[in-house]
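**Student:** Quick mapping for you: the protein sequence lines, in order, are chains A and B. In my numbering, each residue carries its 1-based index in the first sequence increased by 30. In my numbering, each residue carries its 1-based index in the second sequence increased by 1249.
Be careful, since some hints might not be right.
To be verified - No farther apart than 30 Å at their CA atoms in a straight line, the calculated lysine-lysine pairs in the DSS-like style are these:
#  : chain 1 : residue 1 : chain 2 : residue 2
1  : A       : Lys137    : B       : Lys1496
2  : A       : Lys252    : A       : Lys274
3  : B       : Lys1466   : A       : Lys36
4  : A       : Lys342    : B       : Lys1496
5  : B       : Lys1519   : A       : Lys342
6  : A       : Lys137    : B       : Lys1509
7  : B       : Lys1466   : A       : Lys335
8  : B       : Lys1470   : A       : Lys270
9  : B       : Lys1470   : A       : Lys350
10 : B       : Lys1509   : A       : Lys342
11 : A       : Lys271    : B       : Lys1466
12 : B       : Lys1466   : A       : Lys175
13 : B       : Lys1519   : A       : Lys372
14 : A       : Lys274    : B       : Lys1470
15 : B       : Lys1470   : A       : Lys36
16 : A       : Lys175    : B       : Lys1470
17 : A       : Lys350    : A       : Lys335
18 : A       : Lys252    : B       : Lys1470
To be verified - Calculated Cβ distances over 10 Å to all of chain B for the following chain A residues:
#  : residue
19 : Ile67
20 : Gly222
21 : Val227
22 : Lys274
23 : Gly299
It should be emphasised that the hints constitute simulated quantities derived from the structure, not laboratory data. Think of the CB as a built atom: it goes at the ideal place given N, C-alpha and C, for glycine as much as any other residue.
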Amino acid sequence: MSTSKKAIWVFGDYRNYFQNRVTLQLLSRARELAEKIDGMVCAVVFGHWTDEWLGEALSNNPTFCGVAKEYIAHGADRVYLTDHSRLAAYSMETYVFLMERLARQEKPEMILIGATAFGREFAPRLAKRLDTGLTADCIGLDINKDGLLIQIAPSFGGNLVAEIITPQRRPQMASVRPGIFQEIPHDHNRTGEVINVPLPRDIPADRVRLVRSERRLMREQKLEDASLVVCGGRGMGSKKKFAKLFELAELLGGEVGATRPAVYANWVGHEALVGQAGKQIRPQILFSFGVSGAIQHTAACNNAKFIVAVNKNPEAAMMKLADVAIVADASQVCAALIQELKRRLRLRQ
Amino acid sequence: MLKIVVCLKQVPMVSELPWDPVMGTIQRDIAEGMMNPACRSALETALRICAAEGGEITAVTMGPPMAEEMLREAISLGAARGILLTDRKMAGADTSVTSHILARAIKMACVGFDLVLCGFSTSDSETAQVGPQLAEELAIPGVAGADGIEAFGRTVRMQRSSDNFIEIMEMDLPCLITVTEGEFAPRYVPLGGIQAAFEDGEILTLTAADLGCDPEKIGVKGSATRIMSVTSPTAVKKNLVLTGAPKRIVEQLFARFEDKIGGAIGRDLKAEKTK
Ligand SMILES: Cc1cc2nc3c(=O)[nH]c(=O)nc-3n(C[C@H](O)[C@H](O)[C@H](O)COP(=O)(O)OP(=O)(O)OC[C@H]3O[C@@H](n4cnc5c(N)ncnc54)[C@H](O)[C@@H]3O)c2cc1C
Ligand SMILES: Nc1ncnc2c1ncn2[C@@H]1O[C@H](COP(=O)(O)O)[C@@H](O)[C@H]1O
């Protein structure tokens, strides 16, 4: 099975496909990285009837047949597929076992894993088993002049970004939050091979028993998908003032996001958190009020097409990122915006 | 009687740091330590399991000497003893090395443990990796991100929500669980509790040598990854700077960008009626 070409593996995390496209985003970036090392892109899929997993949802799409083909259409040259009834539900222990076995056999150069809840546990366990390094929550990936994976991640709890490599051990591993890379469009003319990997006979029994698993109603991704986001930080000053952002967002038909201090201060719920520990947003327009612009926050919102930042401090990092930097009191500008919008929207009626 | 190990980490109390409201900067250098919130939930879970099933809690932390106060706090809340892993050689440990050191300590000083509880993640790193890696090191089954845990006899049952799924799972002891900040409101330290813990609490301090750690495998040296460069990503856009009275600013903003903002939200925001 092995080829001499260096392989970049992407873990096929299909369980929440459609809501969560991180696997496709990683395949896309892996393609670009593969060009640089003259390597190939492989997806690894474990499951049961994975061909039909997406079949239902995609039955109106005649070009679709199965997860493996889907990954090929999005950039994989090869898909390793283990399809077995034991794999009908995601299982951490079993998946780690299978991935370790396959990686030891095929010796990939790199393994990229989406930082879904599953991926965030899967990646460190796998790294431990393979006795290799892992950089979690990367905000960028690249290749250096020696052909090594540059893992770009926020660091030291401050406003810094570190470039990290795994000099000796293999594979080089990184996990990446959803929404950092752009997927390449589905191309059903792309070809690739599907390698069926049988379930190993010596696979140990799962020590964790899944008693029940219920799919929740599809979690709405309002904030992630919003075309306009109003985001508030500590500079909003108080819960009462922060609440004004909801009024503004409503007028603008957008969603409210927040930084961690605003969430910690209980001005808003955790679901509004934008950043490394929260959500990734990519709105057309981002209004940012009283936010300093720490990397853990900006890495999740700097894809916004147009940023208006309000801050008392013109030197704040968020102001440097902004297309319009407003040097003023955040809640006063918020109030003035509400007033002006009301006036203009009333004119339309 | 269950032997429970709780892994605790002290983190800087960033959200409560003195803050200069004029310039909006935080004085990080005087950061005080506190028990990481999810670790507090892990401890609370352990205390409840002990109350229900009977048991004894050992609190373990790797950190600077000042982390001892957090162990005293844990003792005042009901832990039987604390283990402090402190050594300059451990400084700079990544998650893999941290879990390796914790595992050595648990194997050495908590022989016959039944349950290991960790926080789901820490506020100063947010990696959520130490728990799962510790389960690997100890070669015991583990589940990350549990919201609720119950123990009956030699079985634990937990619930978690993970990627749009609500899962209920069971494992047999010994096992490891990481606990989210969710459900239980952690209890407060009883008055005089920490003081009493300072006087009577049993704390065992261990160094890398005590643990028999291979110096090549711990601290920065043991890490498989290497930091090549650290930069401050101040991408500077050519931007428009607006200053002055808020009302004026907003007028200018709309004058320039009413089409853009209106376009993004699909509404006409022009000031004059254009019919
Ligand atoms: C591991 C880790 C993960 C993290 N994850 C996240 C995350 O997911 N999301 C996140 O947001 N943060 C995260 N953080 C925290 C992050 O590093 C910053 O501390 C945080 O984003 C700062 O929030 P802030 O901008 O609201 O507050 P501050 O940094 O305190 O900034 C407040 C800003 O408001 C301005 N200001 C003050 N008063 C006014 C006023 N009256 N009018 C206008 N402006 C004013 C100030 O000039 C300042 O720029 C994480 C940190 C760590 C260590
Ligand atoms: N230095 C440490 N000492 C003890 N426990 C730790 C340490 N670091 C992490 N942990 C445990 O691992 C959990 C998750 O940490 P993290 O992987 O850093 O997000 C914490 O809540 C602790 O229970």
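**Student:** Among all the numbered hints in the text so far, which are the ones the structure does not match?
**Tutor:** When the structure is compared with the hints, numbers 1, 6, 7, 8, 9, 11, 14 and 18 turn out to be violated.
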